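Student: Here's the letter readout for the chains.
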Amino acid sequence: MSTSLDRTVLPGELRATDSAATRTPSPPAALLFLYTRSFSNRLRSQAARIRSPRYVAAVIMGALYLYWALFRNARLGGGPLATLVRGDELVPVFAALLLVSAARWWIFGADRGTLAFAPAEVQFLFPAPVSRRALVHAKLVRTQLAILVNTLIWSVLLRGNSASIEGWQRGLSLWIIFSVLALHRLGASIVRANAIEHENAGRRRSIIPLLVFGSLVGAVVFGLGSRYAVILTAADQGMRAVGGAIVDALHQPIPLAALWPVRALLAPVFTTTTSAWLGAAPIAFVLLMLHYLWVVRLDASFEEAALEATQHRAERLLRFRSSQMGKSRSRSGKLSRVPSLALTGRPEIAIAWKNVAAAIRGGAWRTQLIAFTLGLATLAIVTRSASARAGDLFMGVTIGWGVMLLFLGPLWMRFDLRNDLQRLAILKTWPLSGQRIVAAEVAGVTVLHSLTVWSLMIVPLVMIVQDPSLLRDSGVTIPMLCSVAIAVPVFNALMFAIQNGTALLFPAWVRLGTEARGFETMGQNLLTTGATSLAAAVALVFPVFVGGITIWVSDVFGSPLGVWSILLGTVLGCIVLALELWPLLVWLGSVFEKTDVNDVASGN
Amino acid sequence: MIEVEQYTKLYGDTVAVRSLSFAVRPGDVLGLVGPNGAGKTTTLRALAGILQPTSGSIRIGGVDLRTDPVAAKARLAFIPDEPALFDYLTVTEHLQFVARLYGVRDAGPRIPVLLEELELTPKASALPIELSRGMKQKLAIACGLLHQPSALLLDEPLTGLDPVGIRRMKETIAARAREGTAVILSSHLLHLVEELCTRLLVISRGEAVALGTIAEIVEARPELAGRSLEEMFIALTGSDAGQTAAA
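Note that the protein sequences, when read in sequence, are chains A and B. Residue 100 in the working numbering is what sits at position 100 of the first sequence, and the numbering runs on without skipping anything. Quick note, the working numbering runs 1000 ahead of the 1-based positions in the second sequence.
The set of hints was computed from the structure by calculation and includes no laboratory data. Mixed in with the good hints there might be a few duds.
[Claimed, not checked] Only part of the chain A face toward chain B is listed, based on derived beta-carbon distances under 7 angstroms:
hint, residue
1, 337
2, 339
3, 341
4, 350
5, 357
6, 361
7, 362
8, 426
9, 428
10, 433
Keep in mind the model is a prediction, meaning the values are calculated, not measured. Backbone N, C-alpha and C define an ideal beta-carbon position, used for all residues, glycine too.
Work out the full structure: start from the sequences and follow the hints.
Tutor: This is the structure in structure tokens:
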């Protein structure tokens, strides 16, 4: 009897008449299909946005920016960061930094996002005839996309001149580094998750890696400690001398030996000739293969660890960065306390309060702030006690951290619209204008991040308490500190307004949520920070001009304010910046009201 | 009171909803039914102020949603089928947040009552991640009821609830209607619609195909007399015709 099914043309393996025994599942092909199709479809849907004039303008601006950021120094014979890899003196320093970063994954736990699968992947892959090993491979394939993009970015940034290795050689070396780091993070996640799941038995399995890492980090600390006096003396001669003393300390036999695996991994990037590269690259490749074999051998622990991580995805998504301190409840089940919310008053406060609660419970903001402040205070006491020069040097480092926090903090702290746009349908039912919602979203993170930056003030305050003569001879220091204290929240508001504005204007292109990203996305972060800083620089032109003119006029005409004219200039500059921010927030509010929930949903 | 006049929503050239007009009086429960993709969620989202209509007008409690969206939204509550909660606020904190957002003056005494009514009191300090699907749904409903809206929009409100929870929820919806709230309930559960709703709006392919009480619908379409609501639904939406053609 003929049926409609018989007439339907189906691939051989899909025909109902085939018995189960004759079917040959092909998970790798299916997974490859899933990821390549998902990637191309995502690209296609994002490209489809270019029909909108707003996205067209963004593409043109983005292309110009990328050209400027990546190729601006082409005529000078190298990428913007090429000088970093023109010699191997810095290899031990980078190796030590990488080692500490990897140790952090073991001690505090890597981001559980490394393990988690999307709900659809759990639904389709876990019950399917797919081996655990194939699931590990699926995870590895997925990380390769970010690795390849960032390899490309860094290859361009670090490209050399005629005296350097070929571009493909440097690209391959970078790919090996990023792949090893991703594998290591995945391996650490599996071992850590397994240790938590299986308690004693699991902990025993994680002892060896912890011992190995503890020994390696200990060797590096020992190397630096043994040259502490030299580093301290070098502090009197400035930053360059301190850097040189640290490099020398890390070149001692013990730290050098401890850092060997990381140095071997980094070495190919720092080679300048093809023959040197041919000598270094195979060792790095062997390290890559060893990591691969290690992670693949962990497959037995993988599935349950991945499932556990996936089940906690909602919690993890809101966890800031990868800190395990970000758990909402303590081991005893106590919930992190947040400031109480009065039931009456301006509704914007409720929105800002909600974001503060998320940062405290999901991002361990308060714990990190306290630890950060105490650490800074301790270092201030130690350095100022060692010598005045060392204290000054640490003050310089603190200023550097402050600048870095001002520019990078708004990228990291995402408890604002970048998180809430995922619930845009609910936000749109709130009885508030778009402008008030956007302003409230920006205000919460602005307050939190301003407190973080202000915590750096502990360094000069501690030093003044230690040595009160600093206050007497401070000159412009106190007006400067007051100016910074006033300018920080206004500047933060600008930076967060730019970040939130970008998410609102281009929801299809901006990553929503607070999920942490790994080392392999460092290149993208670098470019994003550059773009944000450029936008901020444009906004700052007029306020800086007004502030600068005020200080100059006071100086030239002998204002009675004296050095306090700095504060006056800052206040005026901040007022101008606030006046710029107001129409920006009004405009973003209207964009919020016009944003279609379907645009956000389809984009993410 | 919810008043919809000539509401139309287009996505590019695709018509999601065409010229929809209806009104829901205080105390009425309007059942919004239709096949998948008929435009029910689009309609509910437009009524909640989430989607801008391409044309037509929507008034909530006499306030035009387009010209004064804030005042209109203050009078309504929308409870989506998938509860969207904030991961780091407890059950009570969600209600405190909503109280402040909507300016609820008597929230202090109302919150414990609402928690009790929806059987959430034992979970008052729990985070959403610690709640079952049904509990999350109850919390979303509690948040929607706190400010005593004059228009209540419910999208599949019984999803994830156990039999006791379903009974409680039906009582809660009926109680709100008795208090004078205009309710629109979208559901595929026709027995729920039949039990709770005073009137029906059947939409298919973005257009209203029937509106009124069951008696009024039968009066307009005499061939539906004596049929069950399920049979009426299939006949009105042409779902059986589509299936027959596919077969």
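Student: Give a verdict on every hint.
Tutor: Cross-check of the supplied hints:
1. 337: violated, 11 angstroms
2. 339: Since the shortest Cβ distance to chain B is 11 angstroms, the answer is violated.
3. 341: Interface hint status for residue 341 of chain A: holds (5 angstroms vs cutoff 7 angstroms).
4. 350: holds, 4 angstroms
5. 357: Hint holds; residue 357 of chain A Cβ to chain B Cβ min 5 angstroms, cut 7 angstroms.
6. 361: holds, 4 angstroms
7. 362: With a closest approach of 5 angstroms, the residue 362 of chain A hint holds.
8. 426: Because about 5 angstroms separates residue 426 of chain A from the closest Cβ in chain B, which is inside the 7 angstroms limit, the hint holds.
9. 428: holds, 4 angstroms
10. 433: holds, 6 angstroms
The structure does not agree with the numbered hints 1, 2 stated previously, though it agrees with the rest.
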